[in-house]
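Put together the whole structure using the sequences plus the hints.
The listed protein sequences derive, respectively, from chains A and B. For the first sequence, my numbering begins at 1 and goes up steadily by one. For the second sequence, my numbering begins at 1 and goes up steadily by one.
The set of hints was computed from the structure by calculation and includes no laboratory data. There's no promise every hint is true.
[Said to hold, decoys possible] As a list, the in silico DMTMM-like pairs of lysine to aspartate or glutamate whose alpha-carbon atoms are at most 25 Å apart:
no.	chain 1	residue 1	chain 2	residue 2
1	B	Lys446	A	Glu80
2	A	Lys92	B	Glu432
3	A	Lys89	B	Glu432
4	A	Lys66	B	Glu443
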Amino acid sequence: MRMANSALEANETFMYQVERVKKKNRKLSFIKGMLFLLPSLILFSVFLFYPMLKTIYLSFFLTDAKGATTVFVGWDNYKEIFTDSVFLKGMKNTFLFVFYTVPLTVIISLFLTVIANEKLKGIGVFRTIFSSTMGVSVAAASVFWLYLFNPTMGLLNKFLELLGAESIGWLTDPDWALFAVSVTTIWMNIGFTFLILLGGLQSIDSSLYESADIEGSSYFYKLRRITIPMLSPTLFFVITVSIINAFQTFGQIDILTQGGPANETNLIVYSIYREAFVNYQFGSASAQAIVLFIFILLMTALQFKLGERRVHYQ
Amino acid sequence: MKKIMMVLTLSLVFILAACSGGNSNPVDGSQNKETEKTGSEKSSEKQLVTFWHSMGGAGQDALNSIVEDFNKSQDNIQVNAEYQGTYDESLTKFNAVAGTDSAPTMIQTFEIGTKSMINSGNIIPIQEFVDADGYEMSGLEKNIINYYSLDGKFYSMPFNSSTPVMYYNKDAFKAAGLDPENPPATYEEVEEASKKIVAAHSDMKGFALQAYGWLWEQLLANQGALLLNNDNGRSKTPTEIGWTEEEGKSILNWVKHMVDDGTFANYGTNGDNMVAGFLAGDVSMFLQSSASARDVIDNAPFEVGIAFLPHPENKERQGVVIGGASLWMIDGKPEEETKAAWEFMKYLQTPEVQGKWHVGTGYFAINPAAYDEQVVKEAWAEKPQLQVTVEQLQSTKPSFATQGALMDMLPEGRKITEAALESVYNGGDVDEAHQNAVKQFNEAIKKANKARGE
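And the structure:
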């Protein structure tokens, strides 16, 4: 009995020691892990978490022109922006803008990718051309399109004149302005989307196509049954990134229309900029930024929930 | 996919690293500048003055040559003029660096920034230098003194002032059977003239109005209407707008009539496109600052006429508000530096400089003695249009309306009136556009007052 007891005790001490070693190991690996995470944690805190918290803080205040807080107003900034016709219009136009740009960008790029994926002589030239807009900065591209849209000497209106059609106020007509900005954006985004999609397409295992060839499948059957499903993770990535980008559009708007005509292209990020740096209302600008953040967060979460089911990971 | 994500994460890290590197660079840069500064100070004993301005195009050329002349005229002061983008952009940058070493010695800010500069607390009122130096400000144009002195005190040094004028194409007027020497003066006459222009030229519109809040303010002042209540904010902080429904709508209806007649050319908020359209013969009349006079006259392939700002027929012409900008002395700089900047400011007021400035741009001389300068007389003989801008200012009736509004939310107010104008350009309803603008304007005033704790 005594022996059994002591054996039990020895076992317990042993167990205890094992626990202790395990605990120590866990602690050690936690520290090691944190060390590895530290660089990104620091970067994220400085460039993401701190500005984020500051923005939340600012959104409950009114500020002076330098952005220093003056009066605490609680939820007033939030309440106000949801009755502000300019903000609501901006919201609506942002969704329209996403709706115009994202599907078209992806479809056009996908088409270009599929034709540029053929193994032909000189295909490299075409691949370079198709992806070249990626190398053009937003500012340069916008100025380039600004000249095309120019009412007096713009190329587009000159063409219309040649065809005998009425010239269009691309950037001053409310029916056309958002469309014009969308065209510019699609043109600019094709390069990046094309490049990512081409990368995805190139990494599809060629044996799949070979087996399909042996079975005598048609081109479109292969496209539908092999290319698209195998490309779905890349497509999913591209769509997510494009949507986020479209929500955050700023440069084109600033250069092409400054939000005009009559706030018709005043997308939400531009409206935040204007609220903060033209109107010097950093409080309500912060509130708008938080609302935008929540929208993008929800959209992305929704996408992951719905979209991921259809994505086929190899 | 994993690879892509890895590449993306990596590139993100690089971008962030690059950003942090980029942030530290300006500091290094300014340190370098600092050492250069002390270096050059030692070698030549020159006091550096940093001058932020917003003059682009012909204005920038004229300003640079004035600054160069000043630097050559003496050995003690070196002024560095730095272009900082539009007034809006420059003000934003200034607010970001105010109170730090990167702030300039002096900055040029537009007239509607006056109140927010005073409220910022980062400036030294010019009056202090005027008093200490015994400098005489009474030689300046009386309308300018009217705008820039508050309770008899100058906060900033007036510099470039302009008024809105109507530019018109004399050749097109002739071809349409209109008298090129007798341009339309009222809204109604402009409408009539526009119809005749369109009838005579199939591809030319009659009139263009840039959607620009400044022009809205001027068109109100010309009717004797206030922009803000409490005497345009000059007797007390404004609590709401100052114009009546009739006064505001008269402008919108005027535009509406021309839109309906098909005689109105819509260039939105873009002034450059409007000028390009005028020069290309797409439109025969437009309103803009007299500051572009030199540019437009020199570049037009036809004869350009300049006329007074139009007014409604049933209202007498009251005149215009001083537009343009003034120079502000920034607080917190070494005394020698501010003193050097003051010397430069005084130099800018001299008749010779003002004469050169007026002729080179179309801004009028804030020192009327400049009009006796030889270069001005010669230029007026050659381009009599330049004289119109001066005449318009001098025929202005002094009142609160033509003194101009003072308030810190005016930049926001301009955006609001611009949106109202643009909605009418595109066939929007006048009542609705006016009602929206008034509502937003009042809300902006309320909010600005609340933010100041009033």
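Hint consistency between Lys89(A) and Glu432(B) [alpha-carbon to alpha-carbon, up to 25 Å]:
holds, 16 Å
Restraint check for Lys446(B) with Glu80(A), where alpha carbons must lie at most 25 Å apart
Distance of about 13 Å is within 25 Å: holds.
For the pair supplied as a hint, Lys92(A) and Glu432(B), is the alpha-carbon distance within the 25 Å limit?
With a Cα-Cα distance of about 20 Å, the restraint between Lys92(A) and Glu432(B) holds, given a limit of 25 Å.
Sort out whether Glu443(B) lies within 25 Å of Lys66(A), counting only the CA atoms.
holds, 21 Å
The structure is consistent with each of the numbered hints, conforming to all of them.
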